[in-house]
Amino acid sequence: MALKAVIGLEMHCELKSNSKVFSSSKNSYEKDANVNISAIDLAFPGVLPVLNKECVRKSLMMSIALNCSLPEYIYFDRKNYYYPDLPKGYQITQSHDPVGVDGEVIIECNKEERKIKIHDIHLEEDTASLDHVFDSSFIDYNRAGVPLLELVTEPCIYSADEAVAFLEHIKRIYQYCDISDADSKKGQIRCDVNVSMMEEDAKELGTRVEVKNINSFSSVYDAIVYEINRQSELINSGRGDEIVQETRRFDEESGTTKRMRSKEDAIDYKYFVEPNIPKYKVSKEWVEEISSCIPELPLDRKKRYIKEYGLSDYDANIIIKEKDYADYFEKCISLGMDAKESANWIIVNILAYINKLDIGINDLFITPEKLKVIIDAKKKGAISSKQAKEIFVKVIEDKKDPIEYIKDNSQISDKEELIKIIDDILLKSESQIEAYKAGRSNLFDYFVGQVMKNTRGKANPVMTKEILNEKLNG
Amino acid sequence: MEYMNKNIVEIHEALKTGKVSVKNLINESLLKSREVQEKCNAFVSILNDAKEVNITDNLLSGIPYGIKDNYSTKGILTTGSSNTLKDYVPFFNATVIDKLNECGAIGVNKTALDEFGMGGTGLSAHTGYIRNPWDAERMCAGSSSGSAAAVSSGVYPYALGSDTGDSIRKPAAYCGIVGYKPTYGMISRFGLFAYASSLDHCGVLTRCVDDAAIVVDAIKGKDSKDMTSWDSSNINLFKNINNEISNKKLCYIKEICDISFYPNPTDELRKHLSKFNEVIEKVKELGFEVVEESINQNLLNALPAVYDVISYAEATSNLSNLTGIIFGPRGEGNNINEIMKDYRTKGFSSLIKRRFVIGSYVLQKENQEKYFVNAQRVRRLLVNEWKKIFETYSAVILPVSSGPAKYIDKSKNIISEGTKVLEEHLQIGDFGGFPSITIPSGYVDNLPVGINITCDIFNDELVLQIAKKIEGKLGLKNIIAGEVR
Numbered sequence: 001m002a003l004k005a006v007i008g009l010e011m012h013c014e015l016k017s018n019s020k021v022f023s024s025s026k027n028s029y030e031k032d033a034n035v036n037i038s039a040i041d042l043a044f045p046g047v048l049p050v051l052n053k054e055c056v057r058k059s060l061m062m063s064i065a066l067n068c069s070l071p072e073y074i075y076f077d078r079k080n081y082y083y084p085d086l087p088k089g090y091q092i093t094q095s096h097d098p099v100g101v102d103g104e105v106i107i108e109c110n111k112e113e114r115k116i117k118i119h120d121i122h123l124e125e126d127t128a129s130l131d132h133v134f135d136s137s138f139i140d141y142n143r144a145g146v147p148l149l150e151l152v153t154e155p156c157i158y159s160a161d162e163a164v165a166f167l168e169h170i171k172r173i174y175q176y177c178d179i180s181d182a183d184s185k186k187g188q189i190r191c192d193v194n195v196s197m198m199e200e201d202a203k204e205l206g207t208r209v210e211v212k213n214i215n216s217f218s219s220v221y222d223a224i225v226y227e228i229n230r231q232s233e234l235i236n237s238g239r240g241d242e243i244v245q246e247t248r249r250f251d252e253e254s255g256t257t258k259r260m261r262s263k264e265d266a267i268d269y270k271y272f273v274e275p276n277i278p279k280y281k282v283s284k285e286w287v288e289e290i291s292s293c294i295p296e297l298p299l300d301r302k303k304r305y306i307k308e309y310g311l312s313d314y315d316a317n318i319i320i321k322e323k324d325y326a327d328y329f330e331k332c333i334s335l336g337m338d339a340k341e342s343a344n345w346i347i348v349n350i351l352a353y354i355n356k357l358d359i360g361i362n363d364l365f366i367t368p369e370k371l372k373v374i375i376d377a378k379k380k381g382a383i384s385s386k387q388a389k390e391i392f393v394k395v396i397e398d399k400k401d402p403i404e405y406i407k408d409n410s411q412i413s414d415k416e417e418l419i420k421i422i423d424d425i426l427l428k429s430e431s432q433i434e435a436y437k438a439g440r441s442n443l444f445d446y447f448v449g450q451v452m453k454n455t456r457g458k459a460n461p462v463m464t465k466e467i468l469n470e471k472l473n474g
Numbered sequence: 001m002e003y004m005n006k007n008i009v010e011i012h013e014a015l016k017t018g019k020v021s022v023k024n025l026i027n028e029s030l031l032k033s034r035e036v037q038e039k040c041n042a043f044v045s046i047l048n049d050a051k052e053v054n055i056t057d058n059l060l061s062g063i064p065y066g067i068k069d070n071y072s073t074k075g076i077l078t079t080g081s082s083n084t085l086k087d088y089v090p091f092f093n094a095t096v097i098d099k100l101n102e103c104g105a106i107g108v109n110k111t112a113l114d115e116f117g118m119g120g121t122g123l124s125a126h127t128g129y130i131r132n133p134w135d136a137e138r139m140c141a142g143s144s145s146g147s148a149a150a151v152s153s154g155v156y157p158y159a160l161g162s163d164t165g166d167s168i169r170k171p172a173a174y175c176g177i178v179g180y181k182p183t184y185g186m187i188s189r190f191g192l193f194a195y196a197s198s199l200d201h202c203g204v205l206t207r208c209v210d211d212a213a214i215v216v217d218a219i220k221g222k223d224s225k226d227m228t229s230w231d232s233s234n235i236n237l238f239k240n241i242n243n244e245i246s247n248k249k250l251c252y253i254k255e256i257c258d259i260s261f262y263p264n265p266t267d268e269l270r271k272h273l274s275k276f277n278e279v280i281e282k283v284k285e286l287g288f289e290v291v292e293e294s295i296n297q298n299l300l301n302a303l304p305a306v307y308d309v310i311s312y313a314e315a316t317s318n319l320s321n322l323t324g325i326i327f328g329p330r331g332e333g334n335n336i337n338e339i340m341k342d343y344r345t346k347g348f349s350s351l352i353k354r355r356f357v358i359g360s361y362v363l364q365k366e367n368q369e370k371y372f373v374n375a376q377r378v379r380r381l382l383v384n385e386w387k388k389i390f391e392t393y394s395a396v397i398l399p400v401s402s403g404p405a406k407y408i409d410k411s412k413n414i415i416s417e418g419t420k421v422l423e424e425h426l427q428i429g430d431f432g433g434f435p436s437i438t439i440p441s442g443y444v445d446n447l448p449v450g451i452n453i454t455c456d457i458f459n460d461e462l463v464l465q466i467a468k469k470i471e472g473k474l475g476l477k478n479i480i481a482g483e484v485r
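The listed protein sequences correspond, in order, to chains A and U.
Each residue of the first sequence is one higher than the one before, starting from 1 at the first, in this note's numbering.
Each residue of the second sequence is one higher than the one before, starting from 1 at the first, in this note's numbering.
Keep in mind that the hints were calculated from the coordinates and are not lab data.
There may be inaccurate statements among the hints.
[To be verified] Cβ-to-Cβ under 8 Å is the rule here; a few derived chain A residues that face chain U: (1) V35; (2) A39; (3) L42; (4) A43; (5) L48; (6) P84; (7) D85; (8) P87; (9) Y90; (10) I92; (11) T93; (12) K281; (13) G449.
The beta-carbon is built from N, C-alpha and C at its ideal position, and this holds for glycine as well.
If we strip away everything but chain U, and leave its shape as in the complex, we get:
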């Protein structure tokens, strides 16, 4: 009997009634980890010495989970999937890890990511490409690639992720699972390796909306170590997840969802967007009013550039602590500048270096107003645009990406023209700190695709309530990746 493919409540019941022991769960999870490592290269480390705990009434006690390798774990290698920290063993836990430890949750592996969360493909980890469990020739997207691959493979019911652009919500869609990032600051970022602080969110990848609620209930809360965290003790995600919600109006954005905005759409894109339309019809059957809204296309088109400028600028500053002086392998050289330069040159992948160069460029005195400050202005305009939408609508519902998971080999991908915004629009959720969740919405060419639901800040209960309703209607939950190839 397997348990790691079940949801949290089911596993908890099995533990409580003695159908399975914690030890068995750990063994099953470790065994699966090794299988998935073989197939997907999803982990930086597998924690073979994971310790048993006593089962309590806490839903998470005794249940294995995965930790994205940009969460600081005391005494356990934490690399951020970067050569710069390939041997770094922290001496403190991220707040999230402490909280899960208190619940009795059992971390069984550290999942690979795009180096320090940058990339969005799962192809820039220092341990190599992370492959999609549905099709090993395809990517998981990123940066929470290893977490997504593992959860969808049934290694455990949930794994931690982090989301700066769409790093939880896009891999979730590519792997046919749920990815949820709550309102900015609801979960403490203490101990999460910084990428772009004003955009970084902690969150979780699961196979059903209930589990996302349960896990975030456990890890949220004001933390004296993170000044941007806030008190959410009046928010009870799981308890209120089935609350009746009626008369809710949702909207989608015409400029993103309408096939007529794409000059030469591929077959895949047609299928993907028509799938989305089918979902919208089903959502309407639930009693939701769903309306098409329009947003200035110039503003929308600015979105990816705004993300690049702000996130690269913050990243270049945030990662300046990596000099190889206090931690990380010491570089070689005749003076301190050579030593730091050598360490950084050898340690970072070319993708990150490129981002640092751009980030520095846009922050330079003579460029800052033109690029960085303007990007912040446009960020505000975009957020205000969504805020305006939230005055009328409870949530925005949109398709994730331009189709299912892309091939790792770039040459095999046929990308439709003008899909940049369709690919990147989830970034708005990070711009505004909005609670945002991706759930599976069906299949295109036998590969999973997803939809995203985003609400105004602090409406985390609402976003999960809506997601749960739609999940029930679509009947797509607890999906375990089935190899298509």
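Extracted from the complex, chain A is given alone in its bound form:
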């Protein structure tokens, strides 16, 4: 029988903010353990949470960007459970009235558009991180209280490709809106995946298996593929009843999923409204103000680049990969540069260079304005394509204005070219060479003068002297 997979995703993403969501401790990624901590993060007796408004603002922004319905009031709930990474014994989260519900977002997967429905998106605090070494466990509270947005999709994703395309899309929105750096290398994104299998034309979903705490998109992909295969094999061999509602974890080394707990062991989190944070009204004006700060989102930009500037789908995809790339590109356009040529420069030269150095495009010394100088010079024929690329590198390395190199390049600095010119001159100057070698050393200047005369002063004097020296004294 034909089976299809039905997938739902939960994506946790740490927000960018100066301080944590309920305390004034710094929210930043640190190598040293327990440096961004306070009495509140460690839940000492008597402390109270103080809500960070900037985090609420960013959550609402994401909620708006995903076309969610917004709540009338912002308030929070306690999710109660004991775990050493949870200092209060409860997590402050949103269960009754999340910051967004019933959203939807259009994504592109394998060049086709798909609509993914968002069940809800809610603001909560992250837990501490645990490190297990031999028989000891170490707790780092830097992460405790870091603002976290959890996004939950409806079960409306049907393949691993789609799941990853969705996650990439959401990650980009986070970055475009400057809500999060969404850097999975820093553990800022973590995913849970729900997978169930059903017959192609069945009406009811199959038994749902949850795979928790997946740290990269490639692992999400692998986990989904593994679960689809595992469950399909069970069903196809008549052992479908062995699929039970349970929570599993993904083992990166073996690429398999392993059982953590069954549904019977599910924790009752005893949610109730957090009494220490008064309800906060979400005003119409505030929502309008936040909406006005949402930039044009990546997929919209991509479509525009293809339509207005004639970029290829491939090029447009690369340009929108990061907002900074797209902004750089648009700055080039606004300076009157050719769109395709700009895109080409960004993709071929700039991205290669910044990836090699592992820096951002905005850290690059060559701004769109400087790039324009180089490209314009090339267009006028003042420099060759090859020279343009050389100047590009030199400008970055020497941190100098490109105009300086372009002036230099009106000289003849090509060694081979100069050798050719010098050889021609020396061939016609037999007597002078003899005299020079006989001791009239001041004749050296005569040869230099001849080269300058022949090149109308364009020969690079330093190189000219070097070559002459080699030829006459070598």
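Got chain A; can you put chain U on it based on the hints?
The following block gives chain U in isolation, referenced to the frame of chain A:
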């Protein structure tokens, strides 16, 4: 010459005019502390190294006071009267403590309480029973038991308390003093050990209404560390306490005050309620109109259960930070769950554990709607009922408890049938966050009893103005406990 039995203004005058030094006050207060510790077991710690300060124009400067041991005090042992925190020394002050420090007030001891404010008897502190200074065989009620015992014994003019059900206002009545908890959020709760956050109030125990006003003026105010606190800078309790208030209507609740609602009343209950009626007559003589009101008895009867469900549920969550991992003595065990379990099993008294079990039960998914959510609904109904009263009346005036302080030995207490609501009705003040004050109203069998006055939220000036008038009329203020036995 003793000073610690005087009121704040008198002591301040004595300090200003040089009749007494700060050092003498500290010594007197510490000496009394040791006496009261001997007799009542009222303290977790006595701060023998309390430091002198310069006297300023601030009324509280240089004057000793007591700190309930659920207020976080930097560098000073703070236990919440629990074994779970028996050696815990905080590294930060409660906002209230910071404010009193700025005033130059001098904390001289940490007063014992029912473990984390739960109990209402003064019998569940990890340091043992707290005894009533009027009669050591009797309890102070709780949970601000040590504070009440100390203030009524003349250790100092005031002590901090906290009030989740009636933890300031009932001990005040049992000890013959004043207990005031302002509107919810008027005083920051930052640094107060949480019991039930939606009900927890900071407040004060004093021997006169003026002193309650002076102290709360000093410790109230919006605090960036407590989101439920609010700006009360336009409220001046002491300055306005003698303002003329005329044409005020008060009411009492028939179902609580009328002896006919109790099938077999004890002699004590009869005396207590007839005492209350005498007080009402005197209040009328002040020019107040006092009217009997009626409230649905089923609704009233739900009150204690509503309190239990909500406060136990919040408590079980609030005290989940006590695991012995970050602070508190580390438990023993082979894994983290065993370690936490061992610490909590050994650390908490049985009363608290019972409350945790009930609190967890009412929050469980399958029970939450039936118990916790319903309790919140009934809480709202009760509060609305009082709000309705406040549309017509300035204040509700009611007797506190069913009589004077009860015996510590339960078997000696003869309790009248049907007095549960009479015992517990002060909880409504916490349900609604209403400003509420208890003042002494006389004696039953030579033991003090009290009345309670409660107004609508934000009417803190009014509740104190009314209390001050009645206090003057009854002539019961600055009472120092006199041993009856």
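Verification of the hints:
no. : hint : verdict
1   : V35  : violated, 16 Å
2   : A39  : holds, 6 Å
3   : L42  : holds, 5 Å
4   : A43  : holds, 4 Å
5   : L48  : holds, 5 Å
6   : P84  : holds, 5 Å
7   : D85  : violated, 10 Å
8   : P87  : holds, 6 Å
9   : Y90  : holds, 5 Å
10  : I92  : violated, 11 Å
11  : T93  : violated, 13 Å
12  : K281 : violated, 14 Å
13  : G449 : violated, 80 Å
In summary, the structure is inconsistent with hints 1, 7, 10, 11, 12 and 13 from the numbered list given earlier, while agreeing with the others.
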